[in-house]
Each structure stands twice: as structure tokens, then as C-alpha cells.
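Undergrad: Chains D, H and F supply the protein sequences, listed in that same order.
According to our numbering, the first sequence is numbered sequentially starting from 734.
According to our numbering, the second sequence is numbered sequentially starting from 341.
According to our numbering, the third sequence is numbered sequentially starting from -11.
I should point out that these hints are in silico values taken from the structure, not numbers from a laboratory.
All of these numbers come straight from a predicted model, not from anything done at the bench.
For lysine-lysine, the following DSS-like pairs were computed, each having C-alpha atoms within a straight-line distance of at most 25 Å:
#	chain 1	residue 1	chain 2	residue 2
1	F	K325	F	K313
2	H	K564	H	K646
3	F	K151	F	K120
4	H	K392	D	K1006
5	H	K472	F	K198
6	F	K367	F	K198
7	D	K1006	F	K198
8	F	K1	D	K1006
Facing chain D, from chain H, some residues (calculated, C-beta under 10 Å):
#	residue
9	T382
10	N385
11	L390
12	K413
13	Q421
14	F426
15	I495
Cβ coordinates follow ideal geometry from the N, Cα and C atoms, glycine included.
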Amino acid sequence: MRLYAIRLLQLLRRKQEGFWGLLFPIVMATLFFVSFGNGVDPEKMSAVPAALVSRGNQIFERLLQEMDGAVLNLNPMEEEEALEALAHGEVKGIFYSEEEPSLTVTSLGIQETVLETLLRSYLENQTMILQIGEQNPAGLIPAAAQISRYGDYLESADINGGSMETNLGYFYALISMACLFGAFLGMTCATEMRADQSPLALRRSVAPVHRLSLVLAEMAAAFTVQFGNVCLLLLYLRLLGLSFGGKWALLLPVCALGSMAGVAFGMFVGSAKMREGFKNTVLIGSSLLMSFFAGLMFVNMKDIVEHHAPLLNRINPAALIADAFYSISIYDNPERYRRNLFLLAAITSVFVLTGFWRLRRERYESL
Amino acid sequence: MIHIENLVKRYGELLALDHFNLDIQEGEIFGLLGPNGSGKTTAINCLLALLKFDKGTITVFGKQMQPDSYGLKRQIGVVPQNVAVFEQMTVYENIDYFCGLYVPEKGKRRELVQDAIQFTGLEDYKKMMPRKLSGGLLRRLNIACGIAHRPRLIIMDEPTVAVDPQSRNRILEGIVELNRNGSTIIYTSHYMEEVEQICSRIVIMDHGRSIAEGTPEELKQMIKTGETIVVEKAELTQEQQADIANLPHVFRVEYDRERTLTVKCTSAQHNVVRILNYLQGQGVTFGRVLSELPTLNDVFLELTGKELRD
Amino acid sequence: MRVFKGYLQIVFKNSGLLLMYLLITVSIVFISQKNIETNDTSAFSAARYRVAVLDREGGKIGNVLTEYIARNQILAAVADDKQAIWDELFYRNIQCVLIVPEDAAKKLAEGGAAVQIVSVPGSAGEYYLHAKINNLLQQIRVYTAGGFSMEEACEKALELSQKEASVTLLDVNGNAGRRPDYNDFFAYLPYGFLGGMIISMSFVVMEFKKKEIKRRITCSPVSARVQNSAAIACFLTVGVLVWGVCIAVQSAVYHGGAFRSENRFCYLLNSLACMTVAMSLAYLTGMAAGNAGALNGIANVISLGLCFLGGIFVPIEMLGSGVEKAARFLPTYWYSKINGLLGDYARLNSGMLQTVMQGLLIQFLFAAACFGVTTAVTKARQRE
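From just these sequences and the hints, can you work out the full model?
TA: Below, the structure is given as C-alpha cells:
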């Protein structure tokens, strides 16, 4: 208990590892929130510049003029001028207001899609009005009123009636990475326990303290600090408005196991007989790779790995943590959640046991 | 108390300990003297069951030393060659931590820590962090952490490296006092003056072997040199140098470009008088004249053909 | 020269991490290209998704949706069982499930949410399918408002969905409107440069920042100006070397790559500017970070942060307008903007060229500012 308490105090005093272990995920979470916090809403996109070559369809032109300033930034032009403007990127598309209006674009991006959607919407509405006018003229006015009352008749839902949030994958991958940050704490502990790694470890190795007590105290202290950091991150995410499906009781075991996995991984690497620079490289590189495959930079990555190499997702602690989060807050799939937890526990156990083995009291080949 | 027999340790092709033997009695300050790379630290680490060795036996307090020999370890204090303290803890906290690994009782430990701080003269630095301490103070802290629990056996591996003379003297005095208080001390160093000053028995090591063992006096008697006479600023010809070499009890003469004459004589009376009489008779002018008794460096030089600090 | 060589020696010892970052960048490029090939979300593509329809209504809405999916997407089958649905979604056997409740027609008539859509979160087709289905339902409402029966309305809406808009794609970039494949490579390059350079080069600075080494060098007859110049020269040398390797790789992989483009010099300059920014940030980070853990944190914050906010991982159009305004201060924003221009237009007019020059200047100035700040801080610390 004393060893644990003192070690905890030492780790908390190590500002660099503790500070960055907490600050980095919080800064990243803030950046993600700023980037995606308002969701992807094309109505919030800025007006798309477009040219209008008038060919007589005044209804179409009036529709476009109504959109001018909001969705569109409309510029009436002659064809030649419009084509030049299009080639030079001054406008994203050219509307020709013929009887059957058309659109000319130069690429297939989001803004061009907006223009195409406008055109298609007009054509569809035109067709509907013409048909209704021909077959049921009395219904023209209500139909026209309905056209302007565009609503949402489709709701995104999970089967249990909760709501899904896109881009949560980035946050989950970030939490995974935050858990793996514990590896640096783990490495520090290992370096200060193996006599062939530092003079401090040598002194501790000749002391009459049971090795198991020492290693357990180290692991427990590192885990406490790391888990504390992750909990603070979760709290911060909660403040930003992420609900995680409201199942906090299920999140905590994931975070706990994840933090332990990070610490144990660090001890595993730290207890190897390698020079310190190389160990740092291994830690940084492997945590980066694991987070990459869990979707930190490219949110679909975990999905792609699941499709092509699912075994990788089963042994990548970062992917397991992210998937466990998915299982609770999006899929509400307790079986998947339990499986992820089990696999995470298994991997953590491997690291812990290997760490114990490497940190056992022994004689070394050289010091 | 400690018995090492036929200890062999290899690092690949390199033979670090070559059938090394050692016997240390309780109550001694035992010196392990040798140049860098002679195997001193390797021998100590084998003794502490930190290093694997290829052959031989080591017993401490009559028992085999193993990595999990907690009973034995409780009686040993270690002051490693490199400063081994926690950067994030104050001086007091460091000593308390390491003492706590040996002495779990809080009350008793508090007393021991206080004593250790006083003993090493760190009262004014109790609340400071190690990074704020000078080299000498760090070394004192390093020692305090190793001796606070009042062990029966203290192993000090070059504790005065990079330490100022004031701190060094203080450390050496402290070691003698620890011995007076009942601790057996193994002291390794390549500074012969320190070893000569405090150790009751010395083993000289080279290339993993013990090449000489005994008290400082016994060691000096092992060699031919009884006295070394140095005459500065003496103008001498070749013939005069040859004449001096032929004087009774003289067995080596050296003369350098600084016009310093160094004469090694066997132990006898009036060596200085004989040489000075000759120089006066020849009308040779000279500066200072120094006469030194043999040092451990002389012992090492004669036994190995090289200086301790080579 | 000796100081310069010393820096280089340490750099090569830490080249492993740099390689890893570059490998990850290349992986992102290839994977995202593959993803785009199979899941194109632009309105002009013929992307078809596997969609299942669970018709609990057994009526008109269910029929029209089934028919619509069969004609425009790929109709898949799935049991009406929670576990089965999740599994099919999870393993990507289906992209989306439409659930038509018993009272779908009634809800639609009332103007409420008539159909539920369950899709793979974060998948490419999620938004696209949502928009398409919602549009279909809206048309049914218009027809019913216009006096048609629900059955007729469904039939007519289905017919309408087959109507194509007349859209002409002018090829101004020589790649039929799509950005050339090597443009994607350049698009993600900042992440590799920023992350890789900061991590690997910062170690070098940290090495020279060690107390004893710093003291030793300070006592030497090499002036602080020469030392700083040697450090910056080393950084720029390594940067140019890595940049050169990346340019060679993209040229080899994409059969000439940017060299095929009329804007080749702009591509080269833009990527070089990005590398310079990366190096300057690496220099700054090395001075600030105390140990490997801190360095890892800083490197990730800078590389990921700049890439997300600068529109590298997420298109700038998808970020809020406030974010876009703030991002204009970031070099990665300008890099992304220039790369977009180069990908969309084969020939740049004077206005576009002005934007390119502006962006390049901002990037180089940013780098110069970082180098300057770090040098000033180093000098001040040396005097201490």
C-alpha cells in the first residue's frame, strides 16, 4: 500500500507524461468537436457560385433567383462569358434556363452536387405539377403548397429507438489512443524496475521487497493515473455534448481495461533490453499504427480492416476499445460488447503476464 | 562473512572475472582497488545476485546469495556507482522511501532517516529536489539512501567519483564512523589514496583477477621499492646518471626533460644522504628534493607494469 | 560542418518513425482511393448500395420502396430480427435497412417520419441514401396533395425517380471532372510530413538540448549563429531529401504522377512549401518538448489538428463557416486549397495563380516565422 501511494505521488509529479497524457486527448477532442460538432449539414454550406444563361424559362429563372443569396450565388451571363467563368473556377456550374433546363459543370464535387440537386428538384417538381395540372387541376394549389413544405419523412434510428451520430468514430478512436498513452507511464515504471535499465532500478532490485509487490504497486499506480486521465477525458466529452448512448456504467470497464492495456503494453516494451531511443520509437510507432487502424485519421479504417483482415481488429487494443464503444452507444449489442471486453482482457493479460515475467527478480547477463 | 571462490564471468569473448577469489571478515573496511575495467563492479554485482556468472560460488553471511534472498538483503546496504535517486522526490522523501524498503515500522524509520540526514550533513537540504543539488551533495544523498537502515554490510561502489575534496573528506570520515558503529564495508575505487587512507585490507584487481591482497603495509612490502627520491632541476650528464644508478640500494633511475631526477631505492637508511652527497661532490646544482614512501600505485605498477590510472 | 554532420547522424538513427508516418500516409491515400472507387457519393456516379427493405406494412409505401431500391440500388434480403440486422450491417453485407412500419402510410399522410433508416454509421452512402429516399417520400406527398390516391402517387413517384437531369461534364482538368489519382497522394501528404517530421526530427533537437551536451557545445568555439544555422540547414536538407523521395514515389506509382500535369511546378512548390512548414514545426517542437511522451502528444496534436482543421481529412466545405474562417490562418488550409485547384483545373488563370502564390507565400512565411521564433528562444536560453 505504501509502495503504491508513493509511486502514485511520483507519477503525479511527473508533469510531462501526466500532462500530455491528459492534455493531448482533450485538445484533440476540442478540435474534433470544432470540426464536426455541428454535424454535416449542407444547408449550412456557403452559397455556391453559379452562372445563369437565360434561354427563356422564366419559372426556372425565378426559382434560381429565390435561391440566390442563400444556397446560390447567381450570376446572369452570356454563354461565352459563362463558359470562361466556369473554366476559370469563378462559377461552379452553368444553368441553361431552356424549356428543359440543363446544367454544365467541370467536376463532381459537393458544390456541383448541390447544383445538380437543385436542377433535378426543379425538373421533378415541374413534372409533378404538369401531371397534376393535366390530370387533377383542382389539386394544383395543395400540391404546390406541399412542394414548398419539404419535410423529413425518414428518421435515422437504431432499432432500439436511439439516435445515431456520425463522426463519433473519430472520438472513439481518440479515446482508444488516450488509453494507449498509458504505455509511456508503463515504460517509465519498467525502466525503474529492471536493474539493467537504470541505477535506480539497480538499487530497488537489491532491496528486500517481494518483487510481485513492487511490480503490482507500480502497475496499480500507473493504472490509477492513466484511468484518471481517461475519465477526465470522458467527462470533458460529456461536457461537449457527447452522450455515448447514456450508458456510462458500461463505458467505464472499457476505459479501465483500455488504460490497463496501455500501461501493460508500455511495461512490456519498457522491460525489453533495447536502448531507450528505440523503445520510444516502438511505443510511438505502435500506438500510432494501432490508432490508425482504429480509425483516428480515417474513420472508415476500422470498417475496412473488418472487411479485409478482421483478425487484426481482434488483436488491436485500440480497435477493440473503439468497437466496444460502438457496441454500447450505437449498436446496443451486449454480445459484441462482451466479446470486445473479453478480447481486451485477454490481450491485457498477455501484456501483464509478460511484463511480470520480464520484471521478475533475476540475474542479468550484463548491467 | 563473504566468501567468493573461483568466480568466472564472461561477456561474450571478454573474460570479466577470471577465477576471482575473495574473503571478507566481519568488521573490516575492505578495499577493492583496480583500474577501470578490472572487474570490480562486475564482482560486486555478482555478489549482489544481480549478474549471472559462469562458474564459482558466492556466500554471504554463510548462505548462498540468490535474487530472492530477502533475509540476507535486509542486512545489506548498497551505494551504487551512479546516483540512484528519484528525481520527483525531495531529499527526505528519497531517504525515507529507500529506508522504508528495509524498515517497515514508521516510528523507527523516522529516527533512522533523521540520523542518516544528520550523518551525511544534509539537514539544510531536506526539502530540496535532487536536481537542485550539487554533485557532492547528490553523492551524499546517494550514500544516505544506502545506509539509512543501518545495515550490517555496506557495499560502496566508487562513491566519491566527481566529488569535491571537502565532500570527499566528509564521505571518507563518515565511512570510518560507520565501520566504528559496527558495519562491515566493501569499498571499491580506483583512487588509491582513499583506499589507502581508510581500508584495513585491500585486494588489487586487474583483468578480473586478484593480483595482490593484504593490508596497505603488507602490499607495500611485496614490492622492491622502499623509497622514491625526486630531485628537481638537476643538470646531469649521462655518466652522472650511470653513477647514481650504481649507488647502493638504487635499482632504477629516471631523468626527464624537465631535469627531474627520480631514483627508486630498496628500503634502507640514508638513501637521500647518499644521493645528495654524490650530487654535491659533483658540483651539481638542484632544486627541491622529495622523498616518498611507496604507494599502492607503485605496488600496482610493479605487479602489472602499468599505472592504476592507465 | 561538424555540427551539421552531427545533426544528420542522429536524424538517420531516428528514421524509423518517419518511415512509419509516411507509410501510414501512403496507406490512407491508397485506401481512400479504393473507398472512393467503390463508394462514390457524388450525384453523377452510378454507385449502388445494398439495401434491405423490411416491409412491416405490407402496403403501398413498402411496395414502392422495395421497387425503388430494386430499380436504383441493390435489393438485399435480411430477416426481421434485431441480431440478424446488426450482423448484416456490421459485416457490411448490407449498407442500409429501411423499416416500413405498419402505419407508414398514415404517418406519411400526416407529414411525420414514416420510414426508419438504419445504416452503418460513418459510412459513405448514409447521407446519400437518406436524401434519395426522403425525396421519394416527399414526391408521394406532393402527388397525394395533388389529389392522387396513395397507390397512384406511389406509382408516379417511382416513375419520376427514373427521370435524369441533363448535366454536361466539361473536362477542364483532363481527367473527366474527377481529380487525378496523384492529386489524392498530394492531398494527404501534409499528414505524413507533419507527423513524421515532427516526431523524428524533434528527437534530434532534444538530443542537442541535453544539459551536458548543450554546455559542451556552448563552450566550443562554434558561435550560436553557426550552430542554429547548422541545425536549420540539416532540417531543410532532410526535408528536401524526404520530399524528393515522396515526389519520386508518386511519380513511380502513378506513372509520372504530377509530372503529367501542366501544373507540375505548382504541385512541386506546394508540397515543398508544406515540407518547409513541417520542418519548422519540428524544430519548434523539439525545443518545446521535454521527453518522448510529451513529444508524442505534441506531434499528434499538431499533425492531426492542422490536418483536420486545414481540410486534409475532412473537406473544408464540410466544416462550419466559422471553422473555415479560422482555418485561413493555418498553412494546411492553403495547401489544401491549392491542391484542390490544381486537381480541378488543368490550366490556372490569373486569379487562380494569385491564390496559389498567396497560399505558397503564407506557407513559407509561416515556416520562416517558426524558425525565427525557435532561433530567438534558443539564443535566449543559451545566454541563460
